[in-house]
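> Spelled out, the chains give:
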Amino acid sequence: MENQIIISSFVIIPLVGFLLSLLISEKNEVMLSRMAFFTISLQLASILAYIGYWIIILRGKPVNISEFALYSHHDYEFLIDFYFDKVTAVYLFVGAFVTFLITRYSKYYLHLEEGYKRFFNSILFFYLAYNLTVLAGNFETLFIGWEMLGISSFLLIAFYRNRYLPVRNAVKVFSIYRIGDIGIILAMWASHHLWHENITFLKLNNEQFVIEHLSQHGGIGLFIALGILVAAAAKSAQLPFSSWLPRAMEGPTPSSAIFYGSLSVHFGVFLLLRTFPFWENQVTARILIGLLGLVTTLVAYPIARVQSSIKSQIAYASIAQIGIMFIEVALGLQVLALIHFAGNAFLRTYQLLVSPSVVAYMIRDQFYHFKPKEVTVEDTFPKRLEYSLFILSLKEWNLDVFMNKWVFSLIKKIGGKLDFLTPKNLLIYFLPAYGIGLFLYFHQEYLTEGIQEFIPGTFAFIGMMMVFKAFSERKYPRLAWMLVMANHFWIALAISFNETFDYKQILIYLSGVIVFGVLGYGILEYLRRKEPGFFDLNQYYGHVYEYRIQALVFLIATLGLMAFPISPTFIGVDLIFSHIREDQYLLAFFDSASFIIGGIALIRIYSRLFLGPHIKNYHEKALKSS
Amino acid sequence: MTPHVSSDLQHILHELGHFLPAQSPLKDFVHHNTLHAFQHLPFHEALQTTAENFGYKTYLSVESFRDLYAKNKINEDILDRVILSHKGPKEAAKWKDVLLHKKYKNQPEAIVGRLRIVWKNHHHVNLDKETHTTLFRMLGSYLDQGIAIWKFPVPSKGFVAAVRNLESNSFSSLFKSQRAKNFLLDPKTKLEDLLDILVGSKVYFRQYLFDQQFAHPGWSGMVAVLEHQPQSLLDKKTISLHDLIFIECLLEIDALDRRLGDNWDPLAKYLPEYLLPILTKTEEKEYYEVLKLWQEAFEWTYFDQVIRGLQLSHEQDLKKGETSFQAVFCIDDRCCSIRRYIERFAPDCQTFGTAGFFNIPFFFQPEHSKFMTKVCPAPVTPIHVIRESEAKLRHEKDSHFSKHTKGIFGGWAISQTMGFLSAAKMAKNIFRPGPTPAMVSSFSHMDPNGKLSIECKSPDQKYHGLQVGFTLEEMTNSLEGLLKGIGLVKDFAPLVYIFGHGASSVNNTHYAGYDCGACSGRAGSVNARVGAYFGNHPEVRKGLEERGISIPTTTQFVGGLHDTTRDEMEFYDLDVLTQDNVLRHQNNLQTFGIALDYNAKERSRRFDTIDSSQEAAKVHEKVKLRALSLFEPRPEWNHATNALCVIGKRENNKHLFLDKRAFLNSYDYGIDPEGNYLLNIVKAVAPVCGGINLEYYFSSVDNQRLGAGSKLPHNVMGLIGVANGLDGDLRPGLPKQMVNIHDPLRILITVEHFPDIVLKTIKTHDTTYEWFANEWVRLVAIHPKTKEAFLFKGGKFISYQPLARQIEKIQNLDELLVSTSENLPVYLLS
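Protein sequences appear in the order of chains A and B.
Numbered per this note's numbering, the first sequence spans residues 70 to 695.
Numbered per this note's numbering, the second sequence spans residues 6 to 835.
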């Protein structure tokens, strides 16, 4: 019982701190920084005490906190579950310690900065997400934290929301994070089918149990492992996702240090450590994970060497180290990976914090020790090889271009096929089509068996096309918004064909969509009337400068509509997945892609309308290139 | 290597280089007028021109002015007077209404950029997005001074040549299209050819290049500076604006080929019917008139009090007794308050101000160093070098900056071992800040116990073409100039201190801007020490005697350094002092100690994180810690709030409280009736103080475009500049954290001399005269006899009657200082 209270408090303390920090006035710098510092000090102290207790009294045995059902209905349950083992202990401690220092640091560093409150709110929100993820005892709980990490990351990168590059990069990083999340969603879906229950991480420690299940479903096992690997690679900036990490360094230096130097970027490693018992006996998975780490290290290393800016150099150096951690985990060297994680996190955080000092330090160093041209390893290569490698590294092995071309441009191209849609005619197409869908649902007797099998997939595909179009829309924000809403309706319909399930469940799923959808639509309509000349998705408009409240409300609506854990739709999404059958790979893929791309499309609407350089120029604003 | 370009294009490149921001690499950061290229225009006209053409905000916003007016920081009487003098009695009421009430919303887009945007509007190709990343990456790597571990592998023979060499010997390419690659590889390709393809018509080349380069003024400006000033890089690189543009055009062709296929027409085909050419003469507009009037009213609200205050001097009342010591400081505004405190705690002393290189221009070479560093104003090219020997190494290593941490195995080993040490270090630095190898300290500029080669052994012996040390004649000339310039030619006290100044900070990319501007962004310690050596040299004194300056044998000179961040002092060569003077010096040290405490306390009122109501010594300890704190973006306020430059006898401004806002230059019109020394002073003061002042002005009115924006997200690029994130352009100008409290006023220079002499003096030097004639700085002469004030306007001095009748006398300054962090008005000191 006391374990339950203490471990839950590791989530509750930051939650309370975060909520209280929202109430403090923007001008009250002292109160804001105190609230953050107090929250995290308290957390750090309790964590230290508990770790001591856990090692001495509990002898370091994993602790699982009995489940708490957020929602349960018939055979479906959404369970919140916490788990504490050595991985948790190390991550909790490193997180608390680094955040503790950074909060103190930022108290002074951000003095007089516009957005002081926003910064501390975001840090506390991030910290809450961090603890939730680290303490998660099952995939569902972990996924809540995972989603919150993505958003807090977006908010901190776009901290300078009136400039172009931070906003563009925030959207980019958010998108890549989310693409990686497809992996975790599919892994969750497949594991439902593998275990036929909400598997806790504790149970994965039961080797016998895992081997038994895997021997029956080898394919699913590998599928889950791959899903986890994709999610881990995206979060930890491994290939092919690496290029987001240096681009994330747009916020104030301490936030870059804590996020991208130490904590956030090591979540891929965390996910691997957490799920290690699951894929421990799958040799293919281990080889793949190790190989990915190895290749990433080999690619990131020369890129780090050619960087002429200090932060990107540290970023790529860190990516290379994380690649090695992947290898370590794959080899089963868990303890080593944990030590490596902690050391790397501290080292990079400090390096980023003192990065402005590099000018004075290096110039002095040169002043006393300058050598005109030092011979480097690469000079021993044949010239052609050296130059080729240099150009390649300078261009980051085209990783950024690769992501744009093969993921985002591709989606845009597909979405572009629906360019005939406008806000006016959308309902003309949507209502009849959806009507037919509903009609078929109530009169399934008309459907022959062969056709019925294809119906859910087809409808989910239509839904997916809607979000693709929403993602590629350039003209009409309201259209893009409605398309994402429409997508949820199609998905709901598609799943309904699968098996009859309760209207209540549909209601849970769609209630969030309707409430937040209407709210967001209202804001869009308001903004369109106020700023008819500056209302499309072709560029960034920065309306937050004049419409702060509306921007905030719209952000909340956006989160709700993308099924963020403030909306019942979040549980709905998990519910929906539980109704996708084991053999419906395509349906699962369409559904998860809709979920992911829908979220990106929504953040894109929010960013284009409200963030970026303000369109009006009666006040100072930065050049786009700065 | 001069590229072959037509004279037209050559002319455009030259013009472009002139208009781009001219900021040197960080290590040589020196304040200068951000809009120096427009100094040939009158101030307000230049501000309107640049605002309309480049989209800068060159004034505070109308709302901010109204806000200042509401808070009485712009005085209503002054405002009325300004409106009246510009608009006449008939229009005055109408204009006042406009100033106070008319709404001004959206202003038109800048003219620059309107031509090149056609690519985006017409072809939907965002060229900036397509080319900037690669271009910046190439430039950064090519110019890198020591961040990259694997440096640009091709020897530096010009940017185009290097890229060509790289590309022709590589399997991978910078370009996607073959055409761009072929153009690069063909050495006969000319810039005109590329522009022909892109633009099509020669008429538009100029505008196109302006649009292209002003899309990333940071990098372009850096290249333009380095083209003419390659010595700013320790690791030498050859680069020119031409080469940058050449590569950028190739990248543009490549992007267009990729996006539009091989067949696309040059831009000239799609231009809108009417395109406003860049930098044509501006027309008068109400909006800019309003801003101009507000600005003038804002300035004169303060200047009016200052002039009145200066008229209230009472030199004759100051008692003439024994002087306990004399101290020469830098003209710097940061010395304004420390001098006030020294005078307060040692009323029988005398202080002087002059440019902080003390009339001794030379290069300094510290021991163990590979380079020389200039310690005199930036425009001066010295012919002497002073070398240091027998000094200890002032340079520690910090493995956090080591390249091994970035390797595969090195990183692996280091992160698991030293990584944990980092955690400890980080915690220590956050809770108990202390010295680190990464910090910058003014005291490490020179080793006080090292030896300097001050005296020239033989003029023929050269070191890198420079004479080592000064000859007797040169020493005498230099000291004579110093002493006559500040008016210290008789009544020498037993001790004459010469104080250089410098600053300390950590985690500060702009550290060079905090040191002494008159020493090219270095500490003034060597100059002070050398100056004192000159003064103590018996032969030099003999020479001075012949020139009418008689220094008693009991008088001795002492060099020192004042660290303006930590408020600490250091003294040099004390072993030459006589027994008596050692005692006197001990005594003075106590005065200095108290003065430093109080100075730190006064400064602390502007530091929100320090409680300045505590005892001076306690506050001082906290102020010292700031300089060592990693997390402190404002170790000191540097020149923020500067607004004045007072040239005249200290006795005539000593009675005023000027709130650290004044550059104080000592000058005695009596020993310089013809204004010869005055010319030297204004020649230095106008560009140096004016430059500092205007850089602060522009960085605060448009911190985003003319300043560097917030420094918190800055990323160091190649050790030469800062940028935001990975893909950002370099950001010249001052960061927000340097200008938070600055009121953007032009500087008012007051000279205590007869107006006709001042007029004659400033007219003898054209470039200096331009500063005054175009009103980039304001000039007032105070008649030494009648105290009447004359404002320089339209080429002549006209009488100025201050509106302020009296200036309030302040009874308890210490209390007042603690009570507010705002700028304070002028007070009479009791």
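Quick caveat, the hints were computed from the structure, so don't treat them as lab data.
There's no promise every hint is true.
Here are the simulated PhoX-like cross-link-like pairs (lysine-lysine), alpha carbons at most 25 angstroms apart as the crow flies [as the list claims (entries may be wrong)]: (1) B:Lys241 to A:Lys442; (2) B:Lys134 to A:Lys482; (3) B:Lys181 to A:Lys481; (4) A:Lys474 to B:Lys125; (5) A:Lys685 to B:Lys297; (6) B:Lys125 to A:Lys685; (7) A:Lys685 to B:Lys181; (8) B:Lys242 to A:Lys442; (9) B:Lys297 to A:Lys440; (10) A:Lys440 to B:Lys110; (11) A:Lys464 to B:Lys408; (12) A:Lys482 to B:Lys379; (13) A:Lys442 to B:Lys125; (14) B:Lys110 to A:Lys599; (15) B:Lys402 to A:Lys464; (16) B:Lys402 to A:Lys452.
Between beta-carbon pairs, the in silico distance windows are [unchecked claim]: (17) B:Arg263 to A:Gly591: 35 to 45 angstroms; (18) A:Lys493 to B:Asp270: 27 to 37 angstroms; (19) B:Gly93 to A:Lys493: 50 to 60 angstroms; (20) A:Ser77 to B:Lys433: 55 to 65 angstroms; (21) B:Ala75 to A:Leu181: 17 to 27 angstroms; (22) B:Gln591 to A:Leu91: 51 to 61 angstroms; (23) A:Leu496 to B:Arg263: 38 to 48 angstroms; (24) B:Gln619 to A:Leu400: 51 to 61 angstroms; (25) B:Ala429 to A:Arg598: 52 to 62 angstroms; (26) A:Gly129 to B:Gln619: 48 to 58 angstroms; (27) A:Arg598 to B:Gly799: 28 to 38 angstroms; (28) A:Arg543 to B:Gly93: 27 to 37 angstroms.
Where is the CB? At the ideal position from N, CA and C, for every residue including glycine.
> CB of Gly129 of chain A to CB of Gln619 of chain B, is that within 48 to 58 angstroms?
Hint holds: Cβ distance 49 angstroms, inside 48 to 58 angstroms.
> Just to be sure I understand the hint, the distance between the Cβ atoms of Arg543 of chain A and Gly93 of chain B should be within 27 to 37 angstroms; is that true here?
Cβ of Arg543 of chain A to Cβ of Gly93 of chain B: about 54 angstroms, so the range 27 to 37 angstroms is violated.
> Assess, step by step, whether the Cα of Lys474 of chain A is no farther than 25 angstroms from the Cα of Lys125 of chain B, and give holds or violated.
At roughly 20 angstroms apart (the allowed maximum being 25 angstroms), Lys125 of chain B and Lys474 of chain A satisfy the hint.
> Does the alpha-carbon distance linking Lys134 of chain B and Lys482 of chain A stay inside the 25 angstroms limit?
holds, 19 angstroms
> Does the structure keep Lys402 of chain B and Lys464 of chain A at a Cα separation of 25 angstroms or less?
violated, 32 angstroms
> Run the distance test for Lys125 of chain B versus Lys685 of chain A: straight-line Cα separation, threshold 25 angstroms.
holds, 19 angstroms
> Between the beta carbons of Arg598 of chain A and Gly799 of chain B, is the distance compatible with 28 to 38 angstroms?
Violated: the Cβ-Cβ distance is about 52 angstroms, outside 28 to 38 angstroms.
> The hint says 52 to 62 angstroms between Ala429 of chain B and Arg598 of chain A; measuring C-beta to C-beta, is that right?
holds, 58 angstroms
> For the pair supplied as a hint, Lys181 of chain B and Lys481 of chain A, is the alpha-carbon distance within the 25 angstroms limit?
Roughly 22 angstroms separates the two Cα atoms, so the pair holds.
> When you take the CB atoms of Gly93 of chain B and Lys493 of chain A, is the distance between them in 50 to 60 angstroms?
With Cβ atoms ~58 angstroms apart, the hint holds.
> Verify the proposed pairing of Lys685 of chain A with Lys297 of chain B, using a straight-line Cα cut of 25 angstroms.
Cα-Cα ~22 angstroms, so holds.
> If you draw a straight line from the CA of Lys482 of chain A to the CA of Lys379 of chain B, is it 25 angstroms or shorter?
Given pair Lys482 of chain A, Lys379 of chain B is violated - Cα atoms ~59 angstroms apart, limit 25 angstroms.
Of the hints listed earlier, those the structure fails to meet are numbers 7, 9, 10, 12, 13, 15, 16, 20, 27, 28, in rising order.
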